[in-house]
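Here is how the chains run, residue by residue.
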Amino acid sequence: MKFTEEHEWLRVEDDLVVVGITEHAAAQLGDVVFIELPEEGITVTKDEEVCVIESVKAASDILAPLDGEIVEVNSALVDDPSKVNEDAIGDAWFFKMKIDDLSVLDDFMDEAEYKALVG
Amino acid sequence: MTDQKRTALYDFHVENGAKMVPFAGYAMPVQYPLGVMKEHLHTRNSAGLFDVSHMGQVALTSSQGLEAAMLALEALVPVSVVGLKADRQRYGIFTNDDGGILDDLMIANTGDHLFLVVNAACKAQDIAHLRANLPDHVTVTEITDRALLALQGPKAEAALARIVPHVTSMRFMDSHRVSVDGAQWWISRSGYTGEDGFEISIPAEISENVASQLVAMDEVELIGLGARDSLRLEAGLCLYGHDIDASTSPVEGNIAWAIQGIRRKGGARAGGFPGAARILAELEKGADKLRVGLLPQGRAPMREGTPLFATAESTDQIGAVTSGGFGPSVAGPIAMGYLPIDFAADGVEIFAELRGKRLPVTVAPMPFRPSTYKR
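Protein chains in written order, with the numbering used here: chain A, 1 to 119; chain B, 1001 to 1375.
You may find that some hints are simply not true.
[What the hints assert, rightly or not] No more than 25 Å apart at the CA atoms, straight line, and that leaves these computed lysine-lysine pairs for BS3-like: (1) B/Lys1038 x A/Lys83; (2) B/Lys1374 x B/Lys1085; (3) A/Lys83 x A/Lys2; (4) B/Lys1357 x A/Lys46; (5) B/Lys1019 x A/Lys115; (6) A/Lys115 x A/Lys96; (7) B/Lys1019 x A/Lys83; (8) A/Lys2 x A/Lys96; (9) A/Lys46 x A/Lys115; (10) A/Lys115 x A/Lys2; (11) B/Lys1265 x B/Lys1085; (12) A/Lys2 x A/Lys98.
[Claimed, not checked] Far from chain A, some chain B residues (derived; all Cβ distances over 12 Å): (13) Thr1141; (14) Ile1206; (15) Val1215; (16) Leu1239; (17) Ala1277; (18) Gly1332; (19) Pro1365.
[Said to hold, decoys possible] Calculated Cβ distances over 10 Å to all of chain B for the following chain A residues: (20) Asp15; (21) Gly41; (22) Glu69.
Hint data in this document are derived by calculation from the structure and do not stem from the laboratory. The model shown is predicted, which means the values in this text are computed figures rather than measured ones. Backbone N, C-alpha and C fix where the C-beta goes; we use that ideal spot for every residue, glycine too.
Please model the complete structure; the sequences and the hints are all you need to start from.
Right, here's the structure in full:
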């Protein structure tokens, strides 16, 4: 699993990049009450705002970690946003992306580097 | 921030895992490890303990007696202070010459003097306002050696009665002074959550001991400012500086109920407070805009500042959300805001603009969840 400085995790499944937010990010947000996901099939560019995530405290955005196409979104999260607090790195994935070159993932932090970042 | 003030319970909050944030010049707990959602629901289902010691506690005494102090205060607030019986309290507002609201407050008649509780962010200004405008026979004393706790929720009475059995005899808006182990407890049956409960002023030096005793009870959890905000929002209660301020009148703010008939046109002590001309006229004819409850039809929370429109296409903004978010007990988004009077009726559909999209919102009655005061 790889990690971004925006506190997202990335993991490769069936040649797609699955994206979610880290447990650290979920804990910082607090109880998540609303999620807006992108439309399946859209093309996004890195750092574009693709999801809205709101907790009882505040609203924030999830940025596309890479250039690519959103091929699938986890619509179960819309019905039950609290999954993000319960299982951030498992059930609570946000979307799956198709990207041209999976090797770009090597540029992201591994778990040890991410843990060092969030202390 | 080293210049933040601390309440007597600062160390207690930190020991209990609070996340401390700056609020009105104080370092205050926004949440504890339970989190905002569970803290909110716990208060609704059991009992929540809040430190509200940052709020201002003020005594008004008069060398000419209690009645003179009451009459004097009526020159600054549009409520009936003289009509407030001993051991009772009521909600009040300080108004300005334009009929706007300088602060909202609680006014208690102790039988000997008046005891006020004012908002933390306004307390210096309120005290200066009182000192500048009350006659010389009234002495304004800020009480700085006492903590203020709120214990709120359906099990608040049972919990507090273990320490102070007297509280079972109190009803909503009673304000009693009770001696407990030699200390004076000033207890009112009130709060700002929509729940039955108590606000408790005690000597600062015993506050940690009292808070520890309460939190040790199964019913009681510590609750931070985050849940305090969602609780008061569900209860339809306004937050000064957001839902009401110096530019909004009490009629616009939908708190005209706080102005008793005796201070209105035709009453025995009509007018005689700042902004009376505008406020008395609005009480008769209504205001041009009104604070209303807003229920977003979808799931997206609508926060303070969200602009409101009459239709999905119209370009003229008609109002804005003044506070809003997610209501854990309502299990959905709730908000309040100001609308022109033509739109300010329950059931009217308007639109909010959120992230470039127009989303439907229904004007709704408040509170969003029935209050459970013990009247």
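Hints, one by one, checked against the model:
1. Between lysine 1038 of chain B and lysine 83 of chain A, the direct Cα distance comes to roughly 15 Å. Compliance with the 25 Å bound is thereby established for this hinted pair.
2. Distance restraint check for lysine 1374 of chain B and lysine 1085 of chain B: the Cα-Cα separation of roughly 18 Å lies within the 25 Å cut-off, and the hinted pair is therefore satisfied.
3. A hinted pair counts as satisfied when its Cα atoms are at most 25 Å apart, and lysine 83 of chain A with lysine 2 of chain A qualifies at roughly 21 Å.
4. Proposed proximity of lysine 1357 of chain B and lysine 46 of chain A is supported: the alpha carbons are some 23 Å apart, at most 25 Å.
5. As the CA atoms of lysine 1019 of chain B and lysine 115 of chain A are separated by approximately 21 Å, the hinted pair is consistent with the 25 Å bound.
6. As the CA atoms of lysine 115 of chain A and lysine 96 of chain A are separated by approximately 24 Å, the hinted pair is consistent with the 25 Å bound.
7. A C-alpha spacing of about 23 Å is found between lysine 1019 of chain B and lysine 83 of chain A, which places the hinted pair at or below 25 Å, so the restraint holds.
8. Simply put, lysine 2 of chain A and lysine 96 of chain A have alpha-carbon atoms about 14 Å apart, close enough for the 25 Å limit, and the pair holds.
9. With a C-alpha separation of about 23 Å, the suggested pair lysine 46 of chain A and lysine 115 of chain A falls inside the 25 Å cut-off, and the hint holds.
10. Proposed proximity of lysine 115 of chain A and lysine 2 of chain A is supported: the alpha carbons are some 11 Å apart, at most 25 Å.
11. For the suggested pair lysine 1265 of chain B and lysine 1085 of chain B, the alpha carbons sit about 23 Å apart, so the restraint of at most 25 Å is met.
12. Straight-line distance between C-alpha atoms of lysine 2 of chain A and lysine 98 of chain A comes to about 16 Å, which keeps the hinted pair within the 25 Å bound.
13. No beta-carbon of chain A is positioned within 12 Å of the beta-carbon of threonine 1141 of chain B; the least distance is around 37 Å.
14. At roughly 32 Å, the least C-beta separation between isoleucine 1206 of chain B and chain A is larger than 12 Å, which holds for a residue marked as non-interface.
15. The beta carbon of valine 1215 of chain B sits about 21 Å from the closest Cβ of chain A, which is more than 12 Å, so the claim that it is off the interface holds.
16. Its beta-carbon lying about 15 Å from the closest one in chain A, leucine 1239 of chain B satisfies the requirement of being farther than 12 Å from that chain.
17. Every Cβ of chain A is farther than 12 Å from the Cβ of alanine 1277 of chain B; the closest lies at roughly 41 Å, confirming the non-interface assignment.
18. Not every C-beta of chain A lies more than 12 Å from that of glycine 1332 of chain B, the closest at about 9 Å, which undercuts listing it as non-interface.
19. Remark: the non-interface label on proline 1365 of chain B is consistent with the geometry, its nearest Cβ contact in chain A lying 23 Å away (cut-off 12 Å).
20. Once the 10 Å rule is applied to beta carbons, aspartate 15 of chain A is consistent with being away from chain B; the minimum gap is 32 Å.
21. Every C-beta of chain B lies more than 10 Å from that of glycine 41 of chain A, the closest at about 19 Å, which supports listing it as non-interface.
22. The beta carbon of glutamate 69 of chain A sits about 22 Å from the closest Cβ of chain B, which is more than 10 Å, so the claim that it is off the interface holds.
Violated hints amount to a single one, hint 18; each of the other numbered hints is respected by the structure.
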